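> Model the full assembly from the supplied sequences, consistent with the hints where possible.
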Amino acid sequence: MTPLLRFQRITKIFPGVKALDDVSLDLRAGEVHVIVGENGAGKSTLMKILSGVYAPDGGELILKGEIIRRNSPRISEQMGIAMIYQELTLIPELSVADNIFLGHEIRKGFLVNRAAMEERTESLLASIGVQVPPRTLLKNLSIANQQMIEITKALSKNARIIVFDEPTSSLTSAEIAELFRIIAALREKGVGMFYISHRLEEIFEIGDRVTIMRDGKRINTSAIAETGMDQVVEGIAGRRIENVYNRSSTEKGDILLDVRDLSGAAFKNVSLRVRSGEIVGLAGLVGSGRSEVARAAFGIDPCTGGEVFARGEKMPRNNPQALSRKGIAFLPEDRKREGLALSLPIRENAVISALHRLNPGGIIRRRKERSVVRDYVDKLEISTPTVEKLANFLSGGTQQKVVLAKWLITKAHTFIFDEPTRGIDIGSKSSIYSLMDELTRQGAGILMISSELPEVLGMSDRVYVMAQGRLAGELSREEADHYAVIQLAFSRPEATA
Amino acid sequence: MRAGSGLAGWRLSHLPHSIFAFFLVFLLASLWVPRFFSPGNLSTLLLQASILIILSIGMSLVLIAGGIDLSMGGVLSMCGVIMALCLRDGVHVFAAILIGLASGGLFGLLNGLCVTRMKVPAFIATFGSMGIAQSIANTLSGKRTIYWESGSHSSVLDFLGGNIIRVEFGPEASMTFYIPFLVLLTVVVVGCIIFLFKKTVLGSYAFAIGENEETARLCGIATRRWTILLYMISGMLASLAALLVLIRTNSMQPTSGDGLEFQAVVAAVLGGNALEGGKGSLYGAIFGALTLYVVRNSLTLKGIDTSTTMIVIGAVLVGGMVLNELAARHERGLSRKG
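Protein chains in written order, with our numbering: chain A, 193 to 689; chain B, 533 to 870.
Hints were generated in silico from the structure; no laboratory data involved.
Just so you know, these numbers come straight off a predicted model, no measurement behind them.
Do not take every clue at face value.
What the hints assert, rightly or not - Simulated restraints, written as ranges between beta carbons of each label pair: (1) T203/A - F794/B: 48 to 58 Å; (2) I267/A - L556/B: 46 to 56 Å; (3) L556/B - A514/A: 29 to 39 Å; (4) R676/B - R327/A: 37 to 47 Å; (5) P494/A - G846/B: 27 to 37 Å; (6) I556/A - G846/B: 29 to 39 Å; (7) A308/A - L556/B: 38 to 48 Å.
C-beta: ideal position from N, C-alpha, C; glycine also.
Right under this line is the structure:
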């Protein structure tokens, strides 16, 4: 049987880097072919060659036995190749139907046939079991629903090959199950799918075959059924990683952060505490109000009731500066937009919250800044040739470390991490975990919001679980397991409140 | 609970904010400014505002797609001078109008090419072409107002300059309500643009390009061609506005367009068009333009010096921005609740 698609000895060279080195790979109809590898392993470059964004410097792309000589995003789309990117590519001000048919509208003469588009949208959505009115503006949908729209968009173009690039990074367990149901349905229809993910447990759930890539080379391709987790992890890292979650036991001390009966637009009467030396997990489905609580506690979003104490001192509302002066740090989920100034170098990002302390008198002393930042770059093992490298050119894991360095320089003692390892490859993940462990051993307290259950269970000393804007329960490290957390996350805590 | 939250999916706050601003200033002006709420004045207001409505529609199209067209004022002056010179030299009136529209379209084409092919930021590219167009207008006219002899074309011009409806409420001029043909022309043109915007792919593509050009390109939209088309429409609307000025004043000053691009931005921003692109509303821009003219008209009737009006317009722009920001915050608050 000829494969649906074949990459034949593809090579791609960027200035200074061989992004792809003689990669050969095929995709069969009706299979989910998982591609794993660290950031920079060449996965995305390979997919961009498929979609026609890049042209290969060597090798061929063979679709159903025919060599593709010319490619572009437009041509690949016409050949039935669709991409579901990590960052969604939808237009917030347009309706669901307009988004799905953007660029290939159903027309009546030179007019757009909205009625037909809405009807077709409805049937497409129904075919994958999603219920959204076609006229809803996209900006009014949840991230998960927006992703379903993105998939529907691919289906509307009769895609025969779909590439999923980190599709689950912003979804909760229930939404992921929904996505997997849709992927299974597509498999039945004979669609060939590439699936890129950093969440290894997913791969075994959804994949048929797995290809491991490292440093632009294909390391191995094998059937999922004959592959073990160890083998995958080892292949990705090129070395054996024993256990990514290395949480040591630490001395628990004073209460650093005390949130009492906090209420806001999306949550009500939430109380939580973080002690020195403690990692506290905050789990729950997306939309349960986890991030909102943390944002309100830090004073970024308005709250309507409740109090926040830092080291026993009552904090004013809506005043993040006051909290950061008291040593509380917030590391947002969206590092690129809220955590870093991408066009500034590591040094300026790292000192930006401590300018007054480092530069008394208001005169910037670059040499001192540089030496302080270099210290932290070494301590955090930030891999960069110079502290003047622009944040834009750092990998996700390194960016997260720079945000951490920024707060460490301010002498923060309590850290609120919102999705600390989202979109970060497994090697960097384990070093972020080690850092968190190290911080608590030195007496810091950490509140960690995460959608990744293994992360919550592996790192937390205590776990708070939220459901529908309420605190559904609190679990100790011993009590917390998959089952207990999920049960709480799906509970209806309204009745008990 | 907020009032009106029972109406699921439809909220007053979903309307362009300039509608509320318009009704507010209209009410205030009617109460406080003598002679404002008179048939004659309202007719004048409508005619004056028509020119800005046309410009701000063009401006909105470009803004929604993430650009800006600062050349509109200069292009207006230039096209007006070209048309006036054609009329003076006895060119047939329809040919003159076509030449004017073509010049506007040509400048739009150049703007579009500059922005899409040369990657010049829209602000700079159209700022430059504003200077070029205004210089052409000054040079061709010798910086003097252009008049023309009444000739074979006067019947057409008279018709275009006439009224379609005229109702007398009293003997004085201020008591006569009239709708000039030019207002009808504006309504038709604006109606056509809105039709194209809503019923063809134009609107969706403009939003897509303004939101994220790369995404639009990946969706298979020929983003460069559509961007160029939007600048051409904007240029042609500027030349159409020039035609209105020319017919209304029965002459053409080479400085007619001075500062109009600024007012068009004000009207568009009042109408909820964001400078960063990807959102906005054509209806909003229309009401923005009307709001601006109610303010200007009231100031004139109150006998306030025209040079002071720029202060007010500037304040209206900043006020409009603040209004948009407050509304956006309000909306974010509501959506977080849901």
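> Provide an ascending list of the numbers of those earlier hints which the structure does not satisfy.
Of the numbered hints, just 4 does not hold.
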